[in-house]
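J.: Given chain F, work out where chains R, V, U, C, L, Z and W should sit, using these hints.
Protein chains in written order, with my numbering: chain F, 568 to 800; chain R, 568 to 800; chain V, 568 to 800; chain U, 568 to 800; chain C, 568 to 800; chain L, 568 to 800; chain Z, 568 to 800; chain W, 568 to 800.
Among the hints, erroneous ones may be present.
Claimed, not checked - One side of the interface only, derived from the structure: several residues of chain F facing chain R at Cβ under 7 Å:
hint: 1; residue: GLY664
hint: 2; residue: GLY695
hint: 3; residue: VAL706
hint: 4; residue: MET731
hint: 5; residue: ALA734
hint: 6; residue: GLY741
hint: 7; residue: LEU767
hint: 8; residue: ILE770
What the hints assert, rightly or not - List of simulated lysine-lysine pairs, BS3-like, C-alpha gap at most 30 Å:
hint: 9; chain 1: V; residue 1: LYS662; chain 2: V; residue 2: LYS620
hint: 10; chain 1: C; residue 1: LYS715; chain 2: L; residue 2: LYS670
hint: 11; chain 1: W; residue 1: LYS715; chain 2: Z; residue 2: LYS620
hint: 12; chain 1: F; residue 1: LYS620; chain 2: L; residue 2: LYS715
hint: 13; chain 1: C; residue 1: LYS643; chain 2: L; residue 2: LYS613
hint: 14; chain 1: U; residue 1: LYS643; chain 2: U; residue 2: LYS662
hint: 15; chain 1: F; residue 1: LYS613; chain 2: L; residue 2: LYS613
hint: 16; chain 1: F; residue 1: LYS715; chain 2: F; residue 2: LYS670
hint: 17; chain 1: F; residue 1: LYS670; chain 2: W; residue 2: LYS670
hint: 18; chain 1: F; residue 1: LYS662; chain 2: F; residue 2: LYS613
hint: 19; chain 1: W; residue 1: LYS643; chain 2: Z; residue 2: LYS613
hint: 20; chain 1: W; residue 1: LYS666; chain 2: F; residue 2: LYS670
hint: 21; chain 1: R; residue 1: LYS715; chain 2: W; residue 2: LYS643
hint: 22; chain 1: F; residue 1: LYS715; chain 2: V; residue 2: LYS715
hint: 23; chain 1: U; residue 1: LYS666; chain 2: U; residue 2: LYS643
hint: 24; chain 1: R; residue 1: LYS670; chain 2: V; residue 2: LYS662
hint: 25; chain 1: Z; residue 1: LYS643; chain 2: Z; residue 2: LYS662
hint: 26; chain 1: C; residue 1: LYS715; chain 2: Z; residue 2: LYS715
As the list claims (entries may be wrong) - What the simulated footprint calls covered on chain C by chain L, stretch by stretch (three residues with Cβ under 8 Å from a Cβ of chain L suffice, anywhere in the stretch; the number is not a length):
hint: 27; stretch: 672 to 681
hint: 28; stretch: 706 to 712
hint: 29; stretch: 756 to 764
FYI, nobody ran anything at the bench for these hints, they're computed from the structure.
These figures come from a predicted structure and were not determined experimentally.
Ideal placement from N, C-alpha and C gives every residue a C-beta, glycine not left out.
Protein chains: 8
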Amino acid sequence: MLSVEEAEALLDKVSFLDLGFAKPDLEREERTGFPEVIYCSGKPDKYLAEIFKNLYETNGEVLGTRATLEQYEVVKAVLEDAQYDEVSGIIKIEKPGKKRIGKIAICSAGTADIPVAEEAALTAEFFGANVVRHYDIGVSGLSRVLSKIDDIRSANCVVAIAGMEGALASVLGGLVSVPVIAVPTSVGYGANFNGVAPLLSMINSCANGVAVVNIDNGYGAGYMAVQINRLAE
Amino acid sequence: MLSVEEAEALLDKVSFLDLGFAKPDLEREERTGFPEVIYCSGKPDKYLAEIFKNLYETNGEVLGTRATLEQYEVVKAVLEDAQYDEVSGIIKIEKPGKKRIGKIAICSAGTADIPVAEEAALTAEFFGANVVRHYDIGVSGLSRVLSKIDDIRSANCVVAIAGMEGALASVLGGLVSVPVIAVPTSVGYGANFNGVAPLLSMINSCANGVAVVNIDNGYGAGYMAVQINRLAE
Amino acid sequence: MLSVEEAEALLDKVSFLDLGFAKPDLEREERTGFPEVIYCSGKPDKYLAEIFKNLYETNGEVLGTRATLEQYEVVKAVLEDAQYDEVSGIIKIEKPGKKRIGKIAICSAGTADIPVAEEAALTAEFFGANVVRHYDIGVSGLSRVLSKIDDIRSANCVVAIAGMEGALASVLGGLVSVPVIAVPTSVGYGANFNGVAPLLSMINSCANGVAVVNIDNGYGAGYMAVQINRLAE
Amino acid sequence: MLSVEEAEALLDKVSFLDLGFAKPDLEREERTGFPEVIYCSGKPDKYLAEIFKNLYETNGEVLGTRATLEQYEVVKAVLEDAQYDEVSGIIKIEKPGKKRIGKIAICSAGTADIPVAEEAALTAEFFGANVVRHYDIGVSGLSRVLSKIDDIRSANCVVAIAGMEGALASVLGGLVSVPVIAVPTSVGYGANFNGVAPLLSMINSCANGVAVVNIDNGYGAGYMAVQINRLAE
Amino acid sequence: MLSVEEAEALLDKVSFLDLGFAKPDLEREERTGFPEVIYCSGKPDKYLAEIFKNLYETNGEVLGTRATLEQYEVVKAVLEDAQYDEVSGIIKIEKPGKKRIGKIAICSAGTADIPVAEEAALTAEFFGANVVRHYDIGVSGLSRVLSKIDDIRSANCVVAIAGMEGALASVLGGLVSVPVIAVPTSVGYGANFNGVAPLLSMINSCANGVAVVNIDNGYGAGYMAVQINRLAE
Amino acid sequence: MLSVEEAEALLDKVSFLDLGFAKPDLEREERTGFPEVIYCSGKPDKYLAEIFKNLYETNGEVLGTRATLEQYEVVKAVLEDAQYDEVSGIIKIEKPGKKRIGKIAICSAGTADIPVAEEAALTAEFFGANVVRHYDIGVSGLSRVLSKIDDIRSANCVVAIAGMEGALASVLGGLVSVPVIAVPTSVGYGANFNGVAPLLSMINSCANGVAVVNIDNGYGAGYMAVQINRLAE
Amino acid sequence: MLSVEEAEALLDKVSFLDLGFAKPDLEREERTGFPEVIYCSGKPDKYLAEIFKNLYETNGEVLGTRATLEQYEVVKAVLEDAQYDEVSGIIKIEKPGKKRIGKIAICSAGTADIPVAEEAALTAEFFGANVVRHYDIGVSGLSRVLSKIDDIRSANCVVAIAGMEGALASVLGGLVSVPVIAVPTSVGYGANFNGVAPLLSMINSCANGVAVVNIDNGYGAGYMAVQINRLAE
Amino acid sequence: MLSVEEAEALLDKVSFLDLGFAKPDLEREERTGFPEVIYCSGKPDKYLAEIFKNLYETNGEVLGTRATLEQYEVVKAVLEDAQYDEVSGIIKIEKPGKKRIGKIAICSAGTADIPVAEEAALTAEFFGANVVRHYDIGVSGLSRVLSKIDDIRSANCVVAIAGMEGALASVLGGLVSVPVIAVPTSVGYGANFNGVAPLLSMINSCANGVAVVNIDNGYGAGYMAVQINRLAE
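Bound conformation, chain F alone (with noise of 0.2 Å):
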């Protein structure tokens, strides 16, 4: 049986602002090392506002994911600082003079991936990594991923996003030694299904070294990304 120390130890790292509505996880950032993020699709803008600022003025910072422009909007008014990113449809305020460190490598097999591919790269940044950016490379043309392979081979990580067939993860996992996190994602029509048939070929990769986070889970990639450039570092 646990003694009451150990419970002590282990739950007084946890703590939250009971909302109601909502539980945010305000020392997060403490126990982690990534203050919590908000995932925007969806919550009605009345919850989104005071999520919003309840974070910013815990963390005095705030990023939040898969944001309307008008969800923007929303946060604009209680939070004039905020920005938005039109491309990945994030919005966020970031500490000024933040240090980026290590280096990971975010690719993308077509240009329909680079939403995905954006939030991805967003996300690393404002958790305080080195991003370089390779779009476009998918493995119809090998002679693409081929000419950026030594830039991506000296990142600490390997972020693989791909629609259509996935292959990508599989072809940049035989060419790399860092870990690879394939992102399957939507692009694709017919037989892709929504994008599991990137899903099902990034599962199955022949290649050692890959995994895998939900289909079109750029978020899920760079945070993961992020906490393995933090340990090579």
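T.: Then chains R, V, U, C, L, Z and W, alone, in the frame of chain F:
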């Protein structure tokens, strides 16, 4: 409305032997340039022997796919010249001195895909095509496929055979200018779903000039490769 | 290990323009005999115009698929000679006086499959093939396909386009001796699952010489038909 | 609200024998014109023998489907007149001198579909219908089905049995004016998914007058064909 | 091989009008007893009007299913007598004084299934059958179906229409002796998967005499019910 | 066979109003202790108003779920006391002074699950249960659920509502001794497949005492929780 | 934040034996009122014997599910009083003189569902509930379920077990006022998909008060039925 | 275009041994820091022995996964120092005196997941990482995981292995700050679908820092954990 002459022209090229339990197509070679082939899997012994015998007597040669060793014994009892290839499960009697034309490249991603690859290769050779084999050249080690690419490019048609995530088809599709017939295999485990993952991958290929046949259907790929090879010669 | 010469021979045939957000393949025509084609669906306007312009300037002609009328207006603003086909959603500028060779038969099961069929047909014509069209010849009225079969049989390659249960591919596969490229369409409802039913039907075709491309992928079928048509001529 | 008389009228036609582990419907023949049939697959031996015996004693004849040879031995031990058909797995004792009426056409696409076809045919004959069998008439060789079509058209009901892509149902549906009961079979491999491909194909048939029963359900198709055949006579 | 006479006999009953974009079957009524019906969903306006006009001129009446109000306006512009049923989306002109025969029972589980039920009912009436309607008699309140069962039992054929879990088909199948044509509907949410749940339920019905058509395919059920009703009269 | 008395006893408790298009169950409250509830989604306006009116007149109160604001206006026009909850989409008129008994704990994993949770909570309250709400206590921050566990444990029944991966049901199942009714929600994206992921997760729960209702079915969970709550009091 | 006291209160009720390969929950009975039960399927012999022994020594009785006859021999070697039920695969040693309370009705649609039903029934009895069994009362013969309905209605909880299309759950749900726990079984073939069809059917039940456990999970249904039965007594 | 030097730099690090049937990657260790590992499942005996021998001779050690006892005998015949672990199916010869660095925590939800967990653990140890094992700590008894959490938190990387509903990954993801590699296992039954349920659960994890490998892919998780562990040291 079709005239009698047109109907006649249409239908008199089609004939079959009515065995009741089966209706083998005796004039298929005349009509399509390919004699009928026997899919052995699951055929009862007595039907199998009779069909082999009838087709051999009609065409002077015969090819059967997906045969077990036991089925080979059954066939050998009525056709003592029948030969068996254990890797692919093919039974055949081939006319001597057959001249082969053109060139088909049969490529497999892994060693475990070889049974399907050999089904394709032996089918293509039986139907009179020259075949080059490049096995275990999957994308996790790109140097393998790149080192063979000149030979592959010189073929009239490429057959790309892969299980796991099936990325070989896309990579080959981006490197050659001739048609690529992709064969997903059931090699893999877990979320491979017995070949569904490479099937979806290949159907969604970002490369042009890739079409797909059924999972493990080496015969079907070999057949179409021969059709293309004949047109090219 | 590859020698330097081999690597050079391999790689110097592959080049691309690095726009950052996109890397169009400028030497693809030289390498494969086909210029790069633009898949317009979902491409942001500013990227689209730039890519069209670059490819047109490189190749002297350009083809885009799956374009909306709005996208056509965007392209027309930078390339005033661009033409638009509303049925298939194709934008193109084609070199004048292009000579067409061989013969490809494009067959559709129903009237609702015509947009996909026209994508295939216009693609094949753009790449220099003669095309015959046979539309609405689905298997529920066999006399329709039988009355056209002589013309279909004289082609170097047949494209069979069908939604619903997709049986046209099997019936055509049994009637012709050349390759049949099958295109399942999303035409249908209920347990059609947006084209999954005809996709499975076509992949499981009992006829020989049938290979399948993605649901609604008229472009892909047209492309491969041209590859085969060129080999045959 | 139902009156007592109505409830009585409703319910007094329904009765069963309560064996605890099973409740065979002893008055089904009186109610529906069909005696209860035993689905043998997976039934423990002791239950099986008792159910066979009870139904035989009630009805003077008995039919069991999907029986193994071992189960036949069990039944034979209590009902020595029981007969077994190895192809379909049917056990039966049939009243002598049964008069058959009308005509049902049972058609199969391939030789491997015959077990399902015979389950349908023997069921229909047991229930008093005349049956004509047309096996191995799949659509890859249209002349086979066309050469038998006059006989098929003269039936009161057509049963279309096919694995692979199941296209026979659509082709028959377009050629006859009576109802077509389609039976997908698990014959095939790969993306056939044990009969899912022909099931979807048949459910999406572009022909009118086609309805579908479960994969390999020859019994169910034979049963409904008899219902229709009786209505027609 | 088919003789010329046989081929002629076979084929001279099949004809169509070749409009290029469509090939309506003008002699279908003579051949099958049913004139061709127009599936309106997704047909471009100009095709739709022309097909309606041609079929009306040939047959003296015309039926179209799955039409929007906008499509009705298009048809009405060329055929001013056309009538529209908003519940089912049917457009029709019906010959006056048509005699109806027999009896078909059309049953729906819920109120939301009525559009599909009316498609079946109006189709059956157009093709000359008497129809009785029993709506909202789903199995969660058995007294509803039981109170109507005598009327249902007196029909030549029963159409069972249900979404949700589709249990109505099994319950009706156990209560009547005539064929039950089951129509799964897309009514439901969540794990209903737009009709997949009732489709699977109906295909697996434990009752005899149940066959299934596509999700929401009221037309197909009405058509086959008429075939059976005609055979019975 | 059932006696007349038994049939009468069975059936005279079941009655309904036959509106033709609907057959509302007027005596359900007497029979089951719960009045019939109206599922508003997709019901045409004129049916909706009539059903609300009939049930209100019969029961003196009425509850409708999944209603839009527009539907509320329709209902309000005939029942001016009707109230609307925008979060859950519930319309109701509730008898004044209703006494609530027992205790049900309604728990949601995230803020986005609140609409489903409120549907459950308002349903349970309407049917006379006391409800405690614990929202946004998903397993990624265990301290949230642990800090509320004493209150949750004191309920007669727990409703666990979660989208994403649905792990809350298993964690709660391991912490309480009363039944857990799990409700998967469609909250999530990508491989969530609109609630399939949490549905499978909950059905496979490693904890005992967990049963599952349909995706987003807050009403169904609230209903069964009330059944259990009543049994416990 | 949780106080130390709260954490202690929370955690000191949870304990387990750390065997390394397993961590049986020794205080579960005290915490939840149910001792831990052993899921035997796939457990290696040496682990199995040790876990059985530890739990028996802790609780004075022990229950294991899904055991083979071979596993029973292994357990019997260390616990000679262990008993085995071949139908359900349950191994148990039960405390003598256990008093049973309340009433649970366990209903199965077919004879083949009995193994799952007995797993539920023996589990419920082991945990101290009275059980009535009603087997083979599927909906294709409604008189069977109707003739037993009074006994079923008098239970505190109903377990509805069915394969095929699983309609029994909806029919029972409409006839009783207590909770129905539905158990889909893998009984069936073809498009039953090893229990997916009845699972979907039950999850989509049109009746209120139905919740679902995993396919073939008789144990889980019995467990929750006991929870409800205890609350009711 | 790539220069010759760049191509050379790129390609001269990649080499392989061309055995025809296989092309083992002999310089992989130099390139990636990991020697090639042999996936034994399904490899024919003669290939297996040769590949083991070649890789052992090149690297001085060798690791093979998913091997049967029979395959071990084959390998032992050529490499008599080969050792076999029956739980995980791993064959290996390991260099003596290998130094292990860092720390990886391998956690399993149940006892039945141990074979996959040991595949991960032995892989990580072979590649030079320190490993701590925490087995049978699934979420249905939270005290088990909480009592081990301090040890788990001190690792550089966590591997979370679970079948059933796979909730362990989310719970661990919420408790640690390092990357969690989630491995769904095929442990479970019914709607687990051989690991699909935990795969979807893990891909949809509400916790940050979780990425997923294929079902039962302990090797892949161990491999990536080592990559991260090395970066951290």
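J.: Could you run down the list of hints and mark each one as holding or not?
T.: The hints, checked one at a time:
1. GLY664: 41 Å, violated
2. GLY695: Not OK, violated: GLY695/F not within 7 Å of chain R, min 32 Å.
3. VAL706: 5 Å, holds
4. MET731: 4 Å, holds
5. ALA734: 4 Å, holds
6. GLY741: Nearest chain R Cβ about 4 Å off; hint holds.
7. LEU767: For LEU767/F, the interface hint holds, since the closest Cβ of chain R sits about 4 Å away, which is under 7 Å.
8. ILE770: 5 Å, holds
9. LYS662/V <-> LYS620/V: Between LYS662/V and LYS620/V the Cα gap is close to 15 Å, so the pair holds against 30 Å.
10. LYS715/C <-> LYS670/L: 42 Å, violated
11. LYS715/W <-> LYS620/Z: 25 Å, holds
12. LYS620/F <-> LYS715/L: Given that 30 Å is the threshold and the Cα spacing comes to 25 Å, the pair holds.
13. LYS643/C <-> LYS613/L: Within the cut-off at roughly 27 Å; holds.
14. LYS643/U <-> LYS662/U: 17 Å, holds
15. LYS613/F <-> LYS613/L: 35 Å, violated
16. LYS715/F <-> LYS670/F: 15 Å, holds
17. LYS670/F <-> LYS670/W: With a Cα-Cα distance of about 23 Å, the restraint between LYS670/F and LYS670/W holds, given a limit of 30 Å.
18. LYS662/F <-> LYS613/F: 25 Å, holds
19. LYS643/W <-> LYS613/Z: The given pair, whose Cα atoms are some 27 Å apart, holds under the 30 Å limit.
20. LYS666/W <-> LYS670/F: 28 Å, holds
21. LYS715/R <-> LYS643/W: 34 Å, violated
22. LYS715/F <-> LYS715/V: 52 Å, violated
23. LYS666/U <-> LYS643/U: Distance ~26 Å between LYS666/U and LYS643/U Cα, so the pair holds.
24. LYS670/R <-> LYS662/V: 33 Å, violated
25. LYS643/Z <-> LYS662/Z: 17 Å, holds
26. LYS715/C <-> LYS715/Z: Distance of about 23 Å is within 30 Å: holds.
27. 672 to 681: holds (count 3)
28. 706 to 712: Our answer is that it holds, as 4 residues pass the Cβ test (under 8 Å) against chain L, meeting three.
29. 756 to 764: Holds: 4 residues of the stretch 756 to 764 of chain C have a Cβ under 8 Å from chain L.
Hint violations for this structure: numbers 1, 2, 10, 15, 21, 22, 24, all remaining hints satisfied.
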